[in-house]
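There are 4 protein chains.
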Amino acid sequence: MNSPDHAPKSQLAEFEADCLRALIDAELGSWLAMAQNAQTKAKDVKNQALIPKWKRVLERMPKPTGSARINQSAVGLETDLSTAQVSHLTAQLEQLKPWRKGPFYVGRGQLILTTDQALKLDRVQQENSEALNPETLLIDTEWRSDLKWDRLAAHLPDLSGACVLDVGGGSGYHAYRIAGLGARFVFNLEPSPLFYYQFMAIRQLLSADPKVNLPHALPMLMSEAPEHSARFDSVFCMGVLYHRADPFGFLQQLKGCLRPGGLLVLETLVIEGDQTQVLVPEGRYAQMNNVYFLPSTQALMSWLTKCGFTDIRLIDESDTSLNEQRQTPWMEFHSLSDFLVSADQTRTIEGHPAPRRAVIFASA
Amino acid sequence: MNSPDHAPKSQLAEFEADCLRALIDAELGSWLAMAQNAQTKAKDVKNQALIPKWKRVLERMPKPTGSARINQSAVGLETDLSTAQVSHLTAQLEQLKPWRKGPFYVGRGQLILTTDQALKLDRVQQENSEALNPETLLIDTEWRSDLKWDRLAAHLPDLSGACVLDVGGGSGYHAYRIAGLGARFVFNLEPSPLFYYQFMAIRQLLSADPKVNLPHALPMLMSEAPEHSARFDSVFCMGVLYHRADPFGFLQQLKGCLRPGGLLVLETLVIEGDQTQVLVPEGRYAQMNNVYFLPSTQALMSWLTKCGFTDIRLIDESDTSLNEQRQTPWMEFHSLSDFLVSADQTRTIEGHPAPRRAVIFASA
Amino acid sequence: MNSPDHAPKSQLAEFEADCLRALIDAELGSWLAMAQNAQTKAKDVKNQALIPKWKRVLERMPKPTGSARINQSAVGLETDLSTAQVSHLTAQLEQLKPWRKGPFYVGRGQLILTTDQALKLDRVQQENSEALNPETLLIDTEWRSDLKWDRLAAHLPDLSGACVLDVGGGSGYHAYRIAGLGARFVFNLEPSPLFYYQFMAIRQLLSADPKVNLPHALPMLMSEAPEHSARFDSVFCMGVLYHRADPFGFLQQLKGCLRPGGLLVLETLVIEGDQTQVLVPEGRYAQMNNVYFLPSTQALMSWLTKCGFTDIRLIDESDTSLNEQRQTPWMEFHSLSDFLVSADQTRTIEGHPAPRRAVIFASA
Amino acid sequence: MNSPDHAPKSQLAEFEADCLRALIDAELGSWLAMAQNAQTKAKDVKNQALIPKWKRVLERMPKPTGSARINQSAVGLETDLSTAQVSHLTAQLEQLKPWRKGPFYVGRGQLILTTDQALKLDRVQQENSEALNPETLLIDTEWRSDLKWDRLAAHLPDLSGACVLDVGGGSGYHAYRIAGLGARFVFNLEPSPLFYYQFMAIRQLLSADPKVNLPHALPMLMSEAPEHSARFDSVFCMGVLYHRADPFGFLQQLKGCLRPGGLLVLETLVIEGDQTQVLVPEGRYAQMNNVYFLPSTQALMSWLTKCGFTDIRLIDESDTSLNEQRQTPWMEFHSLSDFLVSADQTRTIEGHPAPRRAVIFASA
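Chains as they are written, first to last, in my numbering: chain A, 1 to 364; chain C, 1 to 364; chain U, 1 to 364; chain F, 1 to 364.
Think of the hints as simulated: they come from the structure by calculation, not from any bench.
Remember, predicted model here, so these are calculated numbers, not experimental data.
Check the hints yourself; a few may be wrong.
For chains that are exact copies, the list does not tell them apart, and a pair is met inside one copy or across any two.
[Claimed, not checked] The calculated DMTMM-like cross-link candidates involving lysine to aspartate or glutamate, where the alpha carbons are at most 25 Å apart (straight line), are:
{"no.": "1", "residue 1": "Lys211", "residue 2": "Asp18"}
{"no.": "2", "residue 1": "Lys255", "residue 2": "Glu282"}
{"no.": "3", "residue 1": "Lys55", "residue 2": "Asp25"}
{"no.": "4", "residue 1": "Lys306", "residue 2": "Asp274"}
Chain A extracted, bound-state conformation:
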């Protein structure tokens, strides 16, 4: 007496159901209602109209077999693809441009990018708009997120078996690296539908390898999360805080997701100066709308103290280099070099200090 008209589930629907099951396994039942209702929704009509196209990309992607490589500079799937297959897959994934966070690859060989190799890759791609090896597809994203990861990874505690939240994790590069460290449940909250579908596309490719404990994602804002979720062993929040008009409320929400003693990994834009230096750009910052508080590192650490965090450590503070954030064939819009004054790369074109980022660890 099975209902006869029941269509087989799409891969996307299967992944959404997987995420619900993972929440139950992680004893995060209080998230189920939001998770069930979460829907990709774009900020404007134009992007909303693109969502069906992005979903179709997932349906049309080939399903290679292979081995996932998630703990190396470029996260990817090692597999044998013909030139034609690479060409088809590339055509699909290009429809999800712009790609911000990565890099990712699909193809032959374990791709290890050194900074030099990366530069070489970049040069080749910029000249050629083709990947180095015709049987390997490299999604060379705007950000060399591996460089950011390298600056913090050595300082991380053992995350094996951990339950980790990544707030605003985009296409999921860091979520994969965290999963690669043995975390049990990695959960990427990413409200932008384009980045959510990028994550799902990568997940679909890497699901070829049944040995990998894949991260999960939901297209929702941190502010939609339930209160009293103090369940995560670690919360990552990289590149989000400066977009929040309400930094204290946001830090409190992050704290509210951590179990007592859990670890916050916070990365955001900072300025130089003492504890009372806080820049709030009146207009844009490096061409970004919607930028609010850029505190000094000292101010930010004091804010964390005020919020009740302890054991607050500055892990890294550095200017963002033009090698780390730049235009590529997979992100063809303007990038960092266009946002700085040509003659004085210490200033944005709006006259603010050039981007400088700090990574801070703190305990809940």
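Once you have looked at the hints, place chains C, U and F on chain A.
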């Protein structure tokens, strides 16, 4: 970096998580929020205070191994228990008295109750307060629910692979019988905490047999269910309608849970008479508070038509016999024979017609 | 520093604000949120599109001066109008057809309708489509609501100073008669936007007389009312109960609006028969969709007892006559005579008993 | 048929109903639901227990007749009271200590405080704990709010006929001064129950003069206000912003209450420095918990620009003097002089810059 202070889950918590997973598998995601928030809550302070005791029964129950027997008159677990073990288990399950729906057993031999055997069992128990066989525990419930099941089972369509809702299923006797027919997902909504924990106790015993696809339950009212759940292949509603002040709203809710063409199995109290005969007892009925509409079978079938059901069939209509509903050692309060006029068993002590029940099938 | 762009309020907006103030004065603050959010909303797109037209009727109506006559068979405004003014006003009010409950008049002379006069009026109008006197406008509604009022009015207690709710009061005929008895606050809940605007049109005319304590209305359903409003001295509910699928819930809501000891005035369709006779028409009744329970008077009185009402009295029970409900120039659709079998006026065309109505009083 | 058991309304209940009516008159119907549900609720159990005591003060206060004087340094009621009456009234109002904002008086003579007189008054009171004139009661509050008023009043536009919101207006000193300028509707949102009852006590005294258009108040937070209330001609927010963890959200809320072109009057703690100077005290500031952002005046003006305000003007910036905020017999706790370093009055005892306040006007 696992949270160190995480206690192992109780069997009850595991069952609750199982139920959430089963809802996801059955594509009933819209129920997750309610399911997650469902909590056993008693009608009054006195019963609320008993809930911790009932939970402890589940924790203290022995965990025998064995084979489940779910498609025979008494649902049970075939297993070897010592007299001491039977005694311990009996002591636990007696704390969940009164048991209304069953019978259930744990012990040696496949227990098949004929009406005659049952009467014999009853006599023995009433004299002895022990089960026939000292190594077999028989929960001899107030209701011989197997007799009700027998009246309808032959008329059921093939339920293998089906998704079935049982509204107000009590300790779950019928849910087990439905599961025994091969249904894929059987879901018992039972708001009374005592009956919910009885269901969970039986589930814990039968979970000894990994081959059984166990039914699930939630302690919630039908009225708490989400709208737009038109997903079930069949909805059973036995012995509930006469407690509803709003029969049309309730029938519409049941219809709203059925896929188009799905089957409603409805059993309720009726009176004799034509289509305009409807009894609404001003006070109690057979000592029950909270009884509203007792229509004639013709009136009830007309109501189902008005609600948009089709293919409405009267499967059975019969007076409730004193063999089917009676006092037992597992339900020591007054039962049917006490609610009828001694000299005229066609009348309740309030002067209403004695209980008469109809089973009706209808298509959504 | 007054906001310069503030338009003067429309008469309708003034009336809505009056209603909010009246709720405050009557200590019904718990209704304010609903009242503020109440919006006229039609059942279908077609009627929704008419709402702006109905609002314009109110804006374009002339504003005569005069004396209100609210305690006589036809409720109206005694005033001097020219033939041209009557013609203009008639044209406006005809846009609010069909008019169901009344009658209402505007013009010279105190209009007292006897049954005979009314018949004469009807004849004249049907021949002429003009009111008797060219300087008097008579809204000769489908219902001679005054006849219904006459059957119950003599039995009413003193309502002077009372706070009275009229559930589903339509164009407000009874609300005016209640106000005419000196009630302090008369409140008509009428969800149909057309009838709500009819009420407001009559209110606008009668507001010419500052001595009258006008009734108030809100376009909302009883089910939208707040709980715990046990504030009214009397609740009238005439001609609504048979449209409710949930009569017990509805009667409980009515009870919930009455102060202890307050009076329910209930009028509904009934059938003949004993306490177990209840007709639920499977399809239409007298061409009305959406008809549920037609109990016998005995059944209805028993239901009121079950709901906790006391001192339940049958005030009147009578067949609806063709003089009381009939087609008129202000309601040109089919009326009662079309809904009965021509050769046997005791049956509706669906074969049900012809309309019979009971008025029952009960104490909360 | 009036409900017989209806108690006469208390003065407080009358004032609450007045407030609801005033919201309707001001076309602020969207506030009614919140207003109706607003309840005084204290932050902690200890204060909650005091609320009945504070309500009793209002019930026991004498009701003098007299003339309100609301546009002079001390707001008050000119009336003839005996020494005994002053003594009784004083005993009542002392139960509402500590009084923060004022001063207020009740008694003979129009009290005009010059700074010198005030100092003299203070000295006399501190020695004597009696008002200067035994027939005049002076509530000599911690704050000489009149001095703050004087710094901004000359810059205000004509407020006659205006609709004005005062966010966190405390005992209402500024609300009275605004009403004294002819504003039509002055509305004080004050969540602290003590300050709300102080406001109500003063309102009760001044209601002796029927010529005064009294301000209204509700015990609620700005964050509880409905969205889309862009109705006020002016919003005052004095001494609140630095308590908000979310200054941008708060400024947007204030903007959302103003009609286009409406005037924001904003007063808050500032520090000296350029546009990137923002102090967020990690712990207390001048012994106050719960202090967040203290921007420089330039930073604050930039924030207002970022929020979309225009025509932003610095009206006043000055250090808070020990004459303006000090201990008095009506506020016996520590005050400003205790919060500064004795030897260096430019520093708070926590080492922060001493209090400095700016008044800024901006247009929505």
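Quick rundown of the hints versus the structure:
In this homomeric assembly, Lys211 and Asp18 come within 25 Å of each other (Cα to Cα) both inside a single copy, at 16 Å, and across copies, at 24 Å. Only between protomers do Lys255 and Glu282 lie at most 25 Å apart by alpha-carbon distance; the minimum there is 17 Å, versus 29 Å within a single protomer. Proximity of Lys55 to Asp25 under the C-alpha cut-off of 25 Å is restricted to the inter-copy arrangement: shortest distance 22 Å between copies versus 27 Å within a copy. With identical chains, the CA atoms of Lys306 and Asp274 are at most 25 Å apart both within one copy (16 Å) and between copies (24 Å).
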